[in-house]
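Participant: We have chain A already, so just place chain B on it with the hints.
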Amino acid sequence: DAMVIQNPRYQVTQFGKPVTLSCSQTLNHNVMYWYQQKSSQAPKLLFHYYDKDFNNEADTPDNFQSRRPNTSFCFLDIRSPGLGDAAMYLCATSRAATDTEAFFGQGTRLTVV
Amino acid sequence: LAKTTQPISMDSYEGQEVNITCSHNNIATNDYITWYQQFPSQGPRFIIQGYKTKVTNEVASLFIPADRKSSTLSLPRVSLSDTAVYYCLVDSSGSARQLTFGSGTQLTVLP
Numbered sequence: 001d002a003m004v005i006q007n008p009r010y011q012v013t014q015f016g017k018p019v020t021l022s023c024s025q026t027l028n029h030n031v032m033y034w035y036q037q038k039s040s041q042a043p044k045l046l047f048h049y050y051d052k053d054f055n056n057e058a059d060t061p062d063n064f065q066s067r068r069p070n071t072s073f074c075f076l077d078i079r080s081p082g083l084g085d086a087a088m089y090l091c092a093t094s095r096a097a098t099d100t101e102a103f104f105g106q107g108t109r110l111t112v113v
Numbered sequence: 001l002a003k004t005t006q007p008i009s010m011d012s013y014e015g016q017e018v019n020i021t022c023s024h025n026n027i028a029t030n031d032y033i034t035w036y037q038q039f040p041s042q043g044p045r046f047i048i049q050g051y052k053t054k055v056t057n058e059v060a061s062l063f064i065p066a067d068r069k070s071s072t073l074s075l076p077r078v079s080l081s082d083t084a085v086y087y088c089l090v091d092s093s094g095s096a097r098q099l100t101f102g103s104g105t106q107l108t109v110l111p
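In order, the protein sequence lines correspond to chains A and B.
Quick note on our numbering: the first sequence kicks off at 1 and runs consecutively.
Quick note on our numbering: the second sequence kicks off at 1 and runs consecutively.
Here chain A stands alone, though its shape is the one from the complex (with noise of 0.2 Å):
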């Protein structure tokens, strides 16, 4: 069963045109991230949640917003997507903050056209 689950698997947006990912998580666990993927590169973190608590990474674009309206659901908004930011997205959960296992969702794979 997933535990982590991203919608939609692909998105395609309009340069400009704001777009909104999901991520859903079923394991009741405190820290949420979101992390941003261009190819052949490693994961960067762009913020993350230790229960409400909001974390933003410092080189995190002011284009990048987060809400996470409950323990088990958070948004990832783009305000105004530019072709940079073509990309995977990815969720991921972790029990607690002193735990260094994450479990991460299938990602989205969003295209800015």
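If you are wondering where the hints come from, they were derived from the structure by calculation, not from laboratory data.
Hints may contain errors.
[Said to hold, decoys possible] The list that follows gives simulated cross-link-like pairs (lysine-lysine, DSS-like), each with its CA atoms no further than 25 Å apart:
| no. | chain 1 | residue 1 | chain 2 | residue 2 |
| --- | --- | --- | --- | --- |
| 1 | A | 38 | B | 3 |
| 2 | B | 52 | B | 3 |
| 3 | A | 17 | A | 38 |
| 4 | B | 69 | A | 44 |
| 5 | B | 54 | B | 3 |
| 6 | B | 69 | B | 54 |
| 7 | B | 52 | B | 69 |
| 8 | A | 44 | B | 3 |
| 9 | A | 17 | A | 44 |
Facilitator: Using the frame of chain A, we list chain B on its own:
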């Protein structure tokens, strides 16, 4: 954050043991070493985690010397399906861990 250094790529043949070494010279006292595996178009998958000496699970072994400035992931008898990117992570301590990925090692298993 402790920076990690891994080989960019490695080739191996089916049935061989593969050892991937990661350097983390600036590892802090409270840091753990974690390895992930990633197949194309999938999210990374946790393989193993350790603090010191040796850790073994059903998938791999992790060797960490006393100075903890490096670690070696050992995959016994690899198969074609082990072809993937392997990432070494050193976790920062603090109120919430930030799982920061290094560049990773592309392992290609040949028949």
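Participant: Hints first: check each against the structure and report whether it holds.
Facilitator: Each hint, compared with the structure:
1. A/38 to B/3: Given pair residue 38 of chain A, residue 3 of chain B holds - Cα atoms ~20 Å apart, limit 25 Å.
2. B/52 to B/3: Holds, at about 18 Å.
3. A/17 to A/38: holds (20 Å)
4. B/69 to A/44: holds (23 Å)
5. B/54 to B/3: holds (21 Å)
6. B/69 to B/54: holds (14 Å)
7. B/52 to B/69: holds (10 Å)
8. A/44 to B/3: holds (14 Å)
9. A/17 to A/44: Cα-Cα ~23 Å, so holds.
Going down the numbered hints, you'll see the structure goes against none, and every one checks out.
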